[in-house]
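Trainee: Taking the hints into account, I'd like the entire structure generated from these sequences.
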Amino acid sequence: MVKLALFLVGLFKKPIQWLGVDYPQFEILLRTKLTIDNRNGSSAFQTPGSKKRTFLSQFIIFTLFGFLFGVVSFYIGDIMLSLTILFSVIMVTLTMTLLSEFTTVLFDHRDNSILLPRPVNHRTLLMLRLSHIQFYMGFIALALSLASGIMVAIKYPGIAVLIFFVAVGLSTWMTLIFTTFIYLLISKTVDGERFKDIITYVQIFIAIIIFAGYQLIPRLMDEDILSNVAMSVQWWTYLLPPAWFAALIKLSLFTDTTTPLLLLSSLAVVFPLSGAFLLIRFLSKGFGNILGEGSSESVAPVLKKTTTGKKLIRLNRFFCISDLETAGWNLTMATTKRDRKFKQSVYPYFGIMIVFAIVILKPDLHNPVVSLQEMGELSKYLFIFLVGFSGSAAVSQLPYTDTPEAAWIYRALPLKERGHLLTGAVKAMLIRFFLPVYLLVTVSSLFLWGFNIFPQIVLGGMGIILLILMTIY
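For the sequence shown, position 60 (counting from the first letter as 1) is numbered 83 according to this note's numbering, and the numbering increases by one without interruption.
Please keep in mind that the hints were generated in silico from the structure rather than gathered at the bench.
Some clues are possibly wrong.
Stated by the list, open to error - Derived DSS-like pairs (lysine-lysine); straight-line CA-CA distance at most 25 angstroms:
(1) K385 to K403
(2) K450 to K360
(3) K308 to K211
(4) K360 to K219
As the list claims (entries may be wrong) - Quick list of the computed label-pair ranges, beta carbon to beta carbon:
(5) Q479 to V189: 31 to 37 angstroms
(6) Q479 to I232: 30 to 36 angstroms
(7) M485 to T424: 27 to 33 angstroms
(8) L401 to V293: 52 to 58 angstroms
(9) G43 to L286: 29 to 35 angstroms
(10) L401 to F234: 22 to 28 angstroms
(11) F82 to N135: 28 to 34 angstroms
Even glycine gets a Cβ: it sits at the ideal position worked out from N, Cα and C.
Mentor: Encoded structure:
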């Protein structure tokens, strides 16, 4: 893998040098990083609590996903529309992977003490991180597009297959460049800690949007219309990068060479290359500043966060029955407010449950209130239970941490009733997350279906809490 990566990078040696990168340094550093990845296993293919996943297993999984997407997209008769949908799926998947897995790789501070004091310029450092990520994202994109590439070869033999995989490479590079560019713009306006918070919320927002798209968009599509529809180029088409790469492939068929198609194809080539030139040549110094700021942890923002939300913490006097429960309550409240990984695990549930509510209720958009009031009993109860259950997601995430070895302190302390620490933490999570969500479900249910459903709401809430306590036990 290392030799293959260096060979591919070597094909672009001259353009890389034109960007102001010290190529000998860049090649040595890239070889070192990839060698370390081969020894330890790439962090991009691992999940917390699981064994290291191999490159081959992840490649197979993404290939299966790509096969499903390819079959669906090529069910559409028009090649322009089908490829636009396919590249949309590829670029969205790559963006999600970049946000969830590779952000830590891009802004990794572990090697700062080695690289920053050395004469390694900012352009070389940024190009190193981008190439390191591009290597893994390229394999993901190849896996997602492999089945579609075979279909293109069968349906449109010739140069179209080569152009298809070139377009996949350009779309991967453009996704990486655009995301990094947004990161640098955000970093210009906020400090290091605030920057990490914004990235966390962006990841949560995109996760919800993608889940909503996967659930809602297929339900709005008509199969007969999709098989016969043709995509026409409008003014907004020039704002859609997936349409650029679809136009580039369609242009390679030499069947419909029009001015709009030429313009879209030129955008597919010009934007990734000019974006790389702008980012590495002129904005790389900002990337070096981010790494420099990240090498020293900021304490003030953390202290500021721990003093917020005092009103919620003061509720412990009404719900806690001992000093240990109060300690468990306060510790949980303070930790969950500043723990970014906890937010990434819990907050998407709330958006996902809203999507599930729409899928379950299926309101008539012409008269939504009347259609919801006439809803069947089963749909009502599913709505109450499933949406209300999203508030309990925070409790299920409490046992998971990156530092489980720190739990020795709870065993070392001379505590008589250790369970009170746990009950205090559970009460805090129920009050902070479950109660607001279930109050919202209660108010909306009473408004739509009247007070007659109140006993079912109470019973559903008690059932959810019972399930939470059984899980904890």
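Trainee: Hint by hint, say whether it matches the structure.
Mentor: So, going through the hints one by one against the coordinates:
no.: 1; hint: K385 to K403; result: 11 angstroms, holds
no.: 2; hint: K450 to K360; result: 15 angstroms, holds
no.: 3; hint: K308 to K211; result: 11 angstroms, holds
no.: 4; hint: K360 to K219; result: 14 angstroms, holds
no.: 5; hint: Q479 to V189: 31 to 37 angstroms; result: 58 angstroms, violated
no.: 6; hint: Q479 to I232: 30 to 36 angstroms; result: 32 angstroms, holds
no.: 7; hint: M485 to T424: 27 to 33 angstroms; result: 30 angstroms, holds
no.: 8; hint: L401 to V293: 52 to 58 angstroms; result: 54 angstroms, holds
no.: 9; hint: G43 to L286: 29 to 35 angstroms; result: 30 angstroms, holds
no.: 10; hint: L401 to F234: 22 to 28 angstroms; result: 23 angstroms, holds
no.: 11; hint: F82 to N135: 28 to 34 angstroms; result: 31 angstroms, holds
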